[in-house]
Amino acid sequence: SQTIHQWPATLVQPVGSPLSLECTVEGTSNPNLYWYRQAAGRGLQLLFYSVGIGQISSEVPQNLSASRPQDRQFILSSKKLLLSDSGFYLCAWSRRSGNTIYFGEGSWLTVV
Amino acid sequence: AQKVTQAQTEISVVEKEDVTLDCVYETRDTTYYLFWYKQPPSGELVFLIRRNSFDEQNEISGRYSWNFQKSTSSFNFTITASQVVDSAVYFCALSGPMDSNYQLIWGAGTKLIIKP
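As you go down the protein sequences, you meet chains A and B in turn. One rule links them: number in the working numbering = place in the first sequence (from 1) + 1. One rule links them: number in the working numbering = place in the second sequence (from 1) + 146.
Since the hints were made in silico from the structure, they are not lab data. None of the hints are false.
With a Cα cut of at most 25 Å, we get these calculated SDA-like pairs of lysine to any residue:
id : chain 1 : residue 1 : chain 2 : residue 2
1  : B       : Lys149    : A       : Glu60
2  : B       : Lys149    : A       : Leu48
3  : B       : Lys184    : A       : Gly44
4  : B       : Lys162    : B       : Val192
5  : B       : Lys149    : A       : Ala41
6  : B       : Lys257    : A       : Ala41
7  : B       : Lys257    : A       : Leu47
8  : B       : Lys184    : A       : Thr11
9  : B       : Lys216    : B       : Asp175
10 : B       : Lys184    : A       : Ser87
11 : B       : Lys149    : B       : Ile251
12 : B       : Lys149    : A       : Leu47
13 : B       : Lys184    : A       : Thr4
14 : B       : Lys184    : A       : Gln46
15 : B       : Lys257    : B       : Asn204
16 : B       : Lys184    : A       : Thr29
17 : B       : Lys184    : B       : Ser219
18 : B       : Lys184    : A       : Leu47
19 : B       : Lys149    : A       : Ser58
20 : B       : Lys184    : A       : Glu23
21 : B       : Lys184    : A       : Ser2
22 : B       : Lys184    : A       : Ala40
23 : A       : Lys81     : A       : Pro9
24 : A       : Lys80     : A       : Thr111
25 : B       : Lys149    : A       : Phe89
26 : B       : Lys184    : B       : Asp232
27 : B       : Lys257    : A       : Ala10
28 : A       : Lys81     : A       : Val112
29 : B       : Lys257    : A       : Ser87
30 : B       : Lys149    : A       : Gly44
31 : B       : Lys257    : A       : Gln46
32 : B       : Lys184    : A       : Gln3
33 : B       : Lys257    : A       : Leu48
34 : B       : Lys149    : B       : Gln203
35 : B       : Lys184    : A       : Arg97
36 : B       : Lys184    : A       : Arg43
37 : A       : Lys80     : A       : Pro70
Partial selection, computed: residues in chain A whose CB lies under 7 Å from chain B:
id : residue
38 : Gly44
39 : Leu45
40 : Phe89
Virtual Cβ for every residue (Gly too), placed ideally from N, Cα, C.
Could you build the full structure based on these sequences and the hints that come with them?
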């Protein structure tokens, strides 16, 4: 069966510090990968998606970037965090030929 | 343009009551897919169901049931005999055909509170 893990689960970072959230998927090959953000009490916002290694599409221009160095690894980064980057970040995957998205456990980021 | 509306921001019921969560969608695609996800307080989004536009049969899974009506562009979700563990935020979502970029259009979510 397929599993998805992301870490760290919680993170408190000062403004201006860098960020790295990692996500890996097991049990499948060539997945589509996604990073979503959910601000407190709000809906889901798609940040990035990837259909293959090195292929990243950005949905919202902002302070964040994503990379996919391996087929089943997806990384969300920032060089300098802003207060507005606080939120709940969710990594997700779907099969290349499917459109059902499966989510990881999420990472709570608080920028102080 | 595609859009998903979950007009109910928050619903509160007493345990064992039945509750229906509404979802209304807009799309110009003839082939599309509808989804429901559950987000418990822990945060992880849990996939519940996917329905394609050609299948209007209602779906029942235990205490959960889904009513898909193309005539009213609705995909409503009913929980029968609700339990405290059903307390969560529920999201409805829409995607286009399989050959699109698989992105989901999300509703704003409905927070469901089940009181003991």
